[in-house]
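One line per chain: the protein sequences are A and B, in this order.
Quick note on full-length UniProt numbering: the first sequence kicks off at 1 and runs consecutively.
Quick note on full-length UniProt numbering: the second sequence kicks off at 1 and runs consecutively.
Read the hints as simulated data drawn from the structure, not as lab findings.
In this text the structure is predicted, and so the values were computed from the model without any measurement.
Heads up, the beta-carbon is just placed ideally off N, CA and C, and yes, glycines get one too.
One thing to keep in mind: the hints can contain errors.
Computed list of lysine-lysine pairs in PhoX-like fashion (alpha-carbon distance at most 20 Å, straight line) [unchecked claim]: (1) A:Lys740 - B:Lys609; (2) B:Lys690 - A:Lys264; (3) B:Lys63 - B:Lys609; (4) B:Lys740 - A:Lys267; (5) B:Lys609 - B:Lys536; (6) B:Lys267 - A:Lys733; (7) A:Lys506 - A:Lys518; (8) A:Lys63 - A:Lys609; (9) A:Lys70 - A:Lys506; (10) A:Lys713 - B:Lys713; (11) B:Lys733 - A:Lys267; (12) B:Lys440 - A:Lys440; (13) B:Lys740 - A:Lys264; (14) B:Lys94 - B:Lys70; (15) B:Lys267 - A:Lys740; (16) B:Lys520 - B:Lys501; (17) B:Lys313 - B:Lys299; (18) B:Lys267 - B:Lys313; (19) A:Lys690 - A:Lys32; (20) A:Lys119 - B:Lys740; (21) A:Lys740 - B:Lys264; (22) A:Lys63 - A:Lys690; (23) B:Lys609 - A:Lys733; (24) B:Lys733 - B:Lys713.
Label-pair ranges, simulated between beta-carbon atoms [said to hold, decoys possible]: (25) B:Glu664 - A:Ala711: 54 to 62 Å; (26) A:Glu664 - B:Ala505: 37 to 45 Å; (27) B:Ala172 - A:Ala711: 34 to 42 Å; (28) A:Asp500 - B:Lys536: 36 to 44 Å.
Protein chains: 2
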Amino acid sequence: MTTSNAARPHPTSAPAGASSASSTYQPLGESKTGGRVPRVTLPVPIGNVASQTATDMQAARGKAAFDPAKIESILRDGRIDNDSRVKVVQTLDKDELFGDWKKRMAHMNREQKMTMSHKACRRLLEIAQRDEWTTHEIVDAAISLDLQSPITIHWVAFVPVIMGQGNDEQVARWGQRAMDHNILGCYLQTELGHGTNVAGLETLATYEPSTDTFDLHSPTLTSTKWWAGGSGLTATHGIVQAQLIINNKRFGPHLFFVPLRSLKDGKLFNGIAAGDIGPKTYDAFGGLDNGWVRFNHVKLPRDNMLAKHAQVKKGGEYVRPPSDKLSYGGMIFIRSQMIDRTGWMLSRGNTIAMRYSLVRRQFRDPDSKDVAEPERSVLSYPSLHRRLIPLLAKSYAYIIAGRRMRTLYEDMAAQLDSGDTSLLADVHVASSSLKAYCTKQALDGIEECRQALGGHGFSAYAGYTSIFPDNAPTVTYEGDNYVLAQQVGRAMLKTAGELDKNAGAKVSNTTSFLGALKNKDAVKFSPPTSPAEWLKPEVYTAVLGLRAARRVADLRADLSTGRRFVDLSWECVEVARSHAEVVVNAWFTEGVSDDSEGFGSDATYWLNKLVVLHALTCVARDITPLVLPAAQGRGLAAYQSGSAILTPESVLHLETAIRDLHTELLPQVIALTDAFGWTDWELSSSLGRKDGRVYESLMAEAEGNPINHPAPKDSSNPDNLGHYQYGSSLVGKHVAASWKAEIEPLLRTQNKLAEEGPIKGDGSKL
Amino acid sequence: MTTSNAARPHPTSAPAGASSASSTYQPLGESKTGGRVPRVTLPVPIGNVASQTATDMQAARGKAAFDPAKIESILRDGRIDNDSRVKVVQTLDKDELFGDWKKRMAHMNREQKMTMSHKACRRLLEIAQRDEWTTHEIVDAAISLDLQSPITIHWVAFVPVIMGQGNDEQVARWGQRAMDHNILGCYLQTELGHGTNVAGLETLATYEPSTDTFDLHSPTLTSTKWWAGGSGLTATHGIVQAQLIINNKRFGPHLFFVPLRSLKDGKLFNGIAAGDIGPKTYDAFGGLDNGWVRFNHVKLPRDNMLAKHAQVKKGGEYVRPPSDKLSYGGMIFIRSQMIDRTGWMLSRGNTIAMRYSLVRRQFRDPDSKDVAEPERSVLSYPSLHRRLIPLLAKSYAYIIAGRRMRTLYEDMAAQLDSGDTSLLADVHVASSSLKAYCTKQALDGIEECRQALGGHGFSAYAGYTSIFPDNAPTVTYEGDNYVLAQQVGRAMLKTAGELDKNAGAKVSNTTSFLGALKNKDAVKFSPPTSPAEWLKPEVYTAVLGLRAARRVADLRADLSTGRRFVDLSWECVEVARSHAEVVVNAWFTEGVSDDSEGFGSDATYWLNKLVVLHALTCVARDITPLVLPAAQGRGLAAYQSGSAILTPESVLHLETAIRDLHTELLPQVIALTDAFGWTDWELSSSLGRKDGRVYESLMAEAEGNPINHPAPKDSSNPDNLGHYQYGSSLVGKHVAASWKAEIEPLLRTQNKLAEEGPIKGDGSKL
Ligand SMILES: Cc1cc2nc3c(=O)[nH]c(=O)nc-3n(C[C@H](O)[C@H](O)[C@H](O)COP(=O)(O)OP(=O)(O)OC[C@H]3O[C@@H](n4cnc5c(N)ncnc54)[C@H](O)[C@@H]3O)c2cc1C
Ligand SMILES: Cc1cc2nc3c(=O)[nH]c(=O)nc-3n(C[C@H](O)[C@H](O)[C@H](O)COP(=O)(O)OP(=O)(O)OC[C@H]3O[C@@H](n4cnc5c(N)ncnc54)[C@H](O)[C@@H]3O)c2cc1C
């Protein structure tokens, strides 16, 4: 594609000294559908500032002390292996619909997003068939699109429930149809009036022996099912949580498989009313029809109650599940999947932030004598890298601890299948604790990354438009984080109580710190006397454990003064946080060590630096219980009132150790973020470009931005929306027309002066 | 409006016992344009849960121990007085375009929002002319719409610069035209490559003596002006910051008045290229054309340089401003306006959160014996009210301290006009400190409020869609918060240095705490020995001061070890935070006391509770420096190494005092949020409804939600978009058509099974 200056909006006599080469821009990537490839059109010299960025990025990569690919191939070996992931992402990147999908979505309204979401689902299944993708590949593809769609929710919330809660016959009857996208499902638990309090759900499923059916009914306004993704407009079937009633007796919430819409014509079945619940905040989840659904005495065959655990026999006999806790499995499953996922999302925000901060330069060093010296990379400022590098460490921590969480879940599920519930309690607590902690830390971290980028971080081209909003509800669903914190608090009290009774009671490595409550020797520790001592695993592990134990001691002391547990929900928050930090630290450490062969010794060295930085950052987050001597009755066995765990000097050493770790890690952060393996297409970020050409990219997108070009003929069809026009000589040309229609009348609203032409002396006549 | 069951989508035999009255819903407000008034259509019994909410809200209001209107009338007496504000808001509420404006905007894409924004500007000016609104009323109206538009930026960033930086002749020439919206302006400072580092701007304004003009030029890609609101598509004029060059000598950045687009036809003048920079993150600022602008040797008359301070004489003589600091005035002005503004935004999020949390009930009390007892208000859980009530205190704190900030600015500006710069330094530091602190606290607080609301907080109908995104850039613009923190750090060092030299040096009440560095008696304090002692102003004020002094002592110690100031930007963050907390506490206290007569003694009593809670929350935010004895060389005069400021027992008393304050304030929070005076139209929130009818409102909006109704005929015209259809019997009826087009083919993508009709045994044949 050659560019002709004559056709430009800004035909300029090049400033003296600027060679033509300096104003001819290289394309920013490979050509996509319709030859669209971002490039700067305006014929202006690029200048030193913009041309420096690619150089800076290369130089940073040149400093890598390890091979990022080795980390990537292990970390990305998840639901699908890394090669498959790369294949899927490349296919989407090259696809006609998906190549510029993310950019286009920013130009759609809710209704248009929904249409596009359905189109995307169809296209995904087409590609899957063409390329013989596995189901996991389809799900991965849908997630890569930043798409909350009927298909993602079908896989996340419908299929697993059938598979996990249906008996064999039910799995056979519905499971394969669901796996084949023959039916499309949703999961209807939450109601307008009840979410967290599942026992308070109002929807009724009354067994009627005469017909051997259930009568499914929504008796009140607040019993309307609310929020279920896919239920509003699209799902053909739903799993409904309802109060089981047999012979006027309540048996609590149970799950029912319910046909919602005719497969033939999509009409709601008789007795069912449903619709979309409306737009979501921050324009999130636009492609998904979270819905409201009401049942008016809908009849269901008895076999439609999911019966892996509890059953209703013909005539109404109720068969209890062997253990009350068995149905926890599903909840734990989803939570256990959220830990690494949330780490990945943080890693995405962090990759963008590191790359941009590296190439963004602002202010010459005050000591610099040479005016020609370039300004400093903003990443070199401690106030910036001390915000970003701990978030890099957290990304790794949650990804790696999350991988362990998944394994542990699988072990537990296998045990459960053979009737062994011994792992259940521990896995339940760990998954609650980590879900509550990691989702919040990651969500805050993503927005922190964005805020760290100055003005350009606020552009949609920064690449945060979907990650923060789409992750915002992770703190709420699958157990509100503050409610989960109470479960962790309760579990800690229980284990502590068991240790009281029997100092030798079995504890896991994530609860052994509770030994410190009563046993002076349970946790060996003395305050570090140098920064170097802080780097030792036994040191920071001990401190994290002691702090968690202190928080539990406080909780017990509060209870012992007669306060009720239900009134201690605030105190539970810190108990849960400090517990989660113990667990993440333990699993992050183990995870790095277990895979150290695959990572190779160089990468392992740097990952271990991140382990330490993560742990020390956790310690520093909440120093008070470590430096404040315990008040009467609140001390640990080894630290009775009057004695603190840390000394003033050890806290200074901690700060020095953390600062030094930042300095050491700083040259490796580009390689460490490269190792996450995010592609430019996935990030869809001008600031996070792998090649560092941020300014050219911002300019190219801004020029190509549809609003600077004539509106498409048929703007009611979303297929026509959001297309970027790079290299068009018409940029901005049509704008005057809408100005005339929309702005000129505005200037005339209050008086007629504007019609008198240019304002005298304003220079517009020159 | 009578409802006929026959016409409903869900014609139901009412469940036994439900009276028809219980399923006929009252309208949710007064009828607006076209008779649209939200109400629930589905004929279902309302039930106990939903009907309880209005009762709860009334009961809470019944507990008010003071008159909220008295607080409102004082707090809202700002740019315009409260009566005028109420008038403006009511006019918008009743207006045909604006009545349902906020709800509709959630259904527009970027391009549509822009068109609507321009339409809103025209309509605003029409109303202003009809109702003879003042300029301030117009600006208030625009802001009430949650509208970032060419008009708001014109008033915020263009008019004040002309007025503040132009000489008399320039103000006369351009000022009135601007005030009359005869021209529409923008402020072009930031460039693609430089923002914070203003001295590094690349745009050149070269004086050419032969023609007595400036040559305005953008020499490189990164010199492209970026971000200026209004510059992309609409502004007719701009103030451009450019490097002044005379005779090859650089005089640094100066301001130039530059015509951009012809008033006749909106075409860009020769040599100017411009466009919109693209969508913003989280779908924010959709109605504003933040733009990019390039100048290609554009000629400007010499008189177009704003010349209140510096001037260029004919021939090229440069006249320096009397003081280098005079141009700070503008910056301080905008920052000083941001403090109460940010408090207002937080108060809005907080009002919604308090109201919803009050009426949301979840779980019966564990000690309750009566199964018919209603569940607990979620606000009664400490883990919830301890998140929300401190944010209520912060809302008041920033609003009231911000009012003082404005007054102080005005005093300073008056002084400056008479050549007196004595207040300048103090006001500059305070405005930087408070801007950095309050914007961040408020932004985090808004999202915290939203997250506290469980699932419904994620609905657009929660009412957070614009407040978080639109306030997100407040941490960035008008000085990035982390950069401002360094300015505060530097100022603290300077004042501390002055006190070193002369213990009697003049300090204000917001810096007097620095005396504690060297003077044992500067701050009198001993650790509280009971919760009650913590409530004393002299106690918490002293602690806040001592902590700030400790942070400064640390900063000085770090410097004295040879670290450079530029490398201490991280340490400055806490210095600035602790300083800001001293200032906010002082001004909040003074503000309440100064207006106590107007508030009346009852309201003053409760506001003072908030003052205390705010202060204690600030103390609790960062306890470590108070309980950790200082290390060698870091102590305050009265606390040399080894001695801590607080004792373990005093920290327990602090926690008790805070908990008790929450308990005391809890019954007053509805009245205290009512006192902000937000109307339902302003909040546009189903959850924040003043009457508490949250469930009916959510249901009514969800039913009325455009996506549940046939698409408008001409969806390319935004005038047709986003209209809610309440009370339509057709809700959901059309959906099957789009299902057939969009979803059915999806089910057929992978195989043909779906065409075989309902799945055997799924119950859909019953
Ligand atoms: C995007 C999104 C998708 C969803 N998808 C689905 C879906 O597919 N299917 C489905 O069934 N549901 C879905 N949900 C609903 C979701 O599961 C619930 O919103 C979630 O369980 C929280 O419940 P709630 O909304 O009732 O919160 P609430 O319980 O009302 O929480 C409100 C506040 O009260 C506090 N609180 C509540 N109880 C206590 C207590 N005992 N102690 C202290 N504090 C308490 C909470 O911490 C919170 O601050 C979705 C929600 C969202 C946002
Ligand atoms: C919504 C919006 C509207 C705007 N409107 C206008 C407008 O109308 N007119 C206009 O001219 N501009 C406008 N701007 C631009 C705005 O003024 C700048 O974005 C802002 O000044 C920050 O500068 P920057 O973007 O260069 O940030 P940068 O300076 O690039 O900041 C990037 C990061 O570097 C850090 N950093 C930079 N310098 C230092 C240092 N010395 N020490 C430590 N850390 C440092 C920052 O803290 C930040 O984390 C707007 C921006 C936004 C987001």
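Hints, one by one, checked against the model:
no.: 1; hint: A:Lys740 - B:Lys609; in the structure: violated, 55 Å
no.: 2; hint: B:Lys690 - A:Lys264; in the structure: violated, 45 Å
no.: 3; hint: B:Lys63 - B:Lys609; in the structure: holds, 16 Å
no.: 4; hint: B:Lys740 - A:Lys267; in the structure: holds, 9 Å
no.: 5; hint: B:Lys609 - B:Lys536; in the structure: holds, 11 Å
no.: 6; hint: B:Lys267 - A:Lys733; in the structure: holds, 8 Å
no.: 7; hint: A:Lys506 - A:Lys518; in the structure: holds, 15 Å
no.: 8; hint: A:Lys63 - A:Lys609; in the structure: holds, 17 Å
no.: 9; hint: A:Lys70 - A:Lys506; in the structure: violated, 38 Å
no.: 10; hint: A:Lys713 - B:Lys713; in the structure: holds, 16 Å
no.: 11; hint: B:Lys733 - A:Lys267; in the structure: holds, 8 Å
no.: 12; hint: B:Lys440 - A:Lys440; in the structure: holds, 17 Å
no.: 13; hint: B:Lys740 - A:Lys264; in the structure: holds, 8 Å
no.: 14; hint: B:Lys94 - B:Lys70; in the structure: violated, 26 Å
no.: 15; hint: B:Lys267 - A:Lys740; in the structure: holds, 9 Å
no.: 16; hint: B:Lys520 - B:Lys501; in the structure: holds, 16 Å
no.: 17; hint: B:Lys313 - B:Lys299; in the structure: holds, 17 Å
no.: 18; hint: B:Lys267 - B:Lys313; in the structure: violated, 32 Å
no.: 19; hint: A:Lys690 - A:Lys32; in the structure: holds, 18 Å
no.: 20; hint: A:Lys119 - B:Lys740; in the structure: holds, 13 Å
no.: 21; hint: A:Lys740 - B:Lys264; in the structure: holds, 8 Å
no.: 22; hint: A:Lys63 - A:Lys690; in the structure: holds, 15 Å
no.: 23; hint: B:Lys609 - A:Lys733; in the structure: violated, 60 Å
no.: 24; hint: B:Lys733 - B:Lys713; in the structure: holds, 17 Å
no.: 25; hint: B:Glu664 - A:Ala711: 54 to 62 Å; in the structure: holds, 58 Å
no.: 26; hint: A:Glu664 - B:Ala505: 37 to 45 Å; in the structure: holds, 42 Å
no.: 27; hint: B:Ala172 - A:Ala711: 34 to 42 Å; in the structure: holds, 41 Å
no.: 28; hint: A:Asp500 - B:Lys536: 36 to 44 Å; in the structure: holds, 40 Å
Violation of the numbered hints given earlier is confined to hints 1, 2, 9, 14, 18, 23; the remaining hints are satisfied by the structure.
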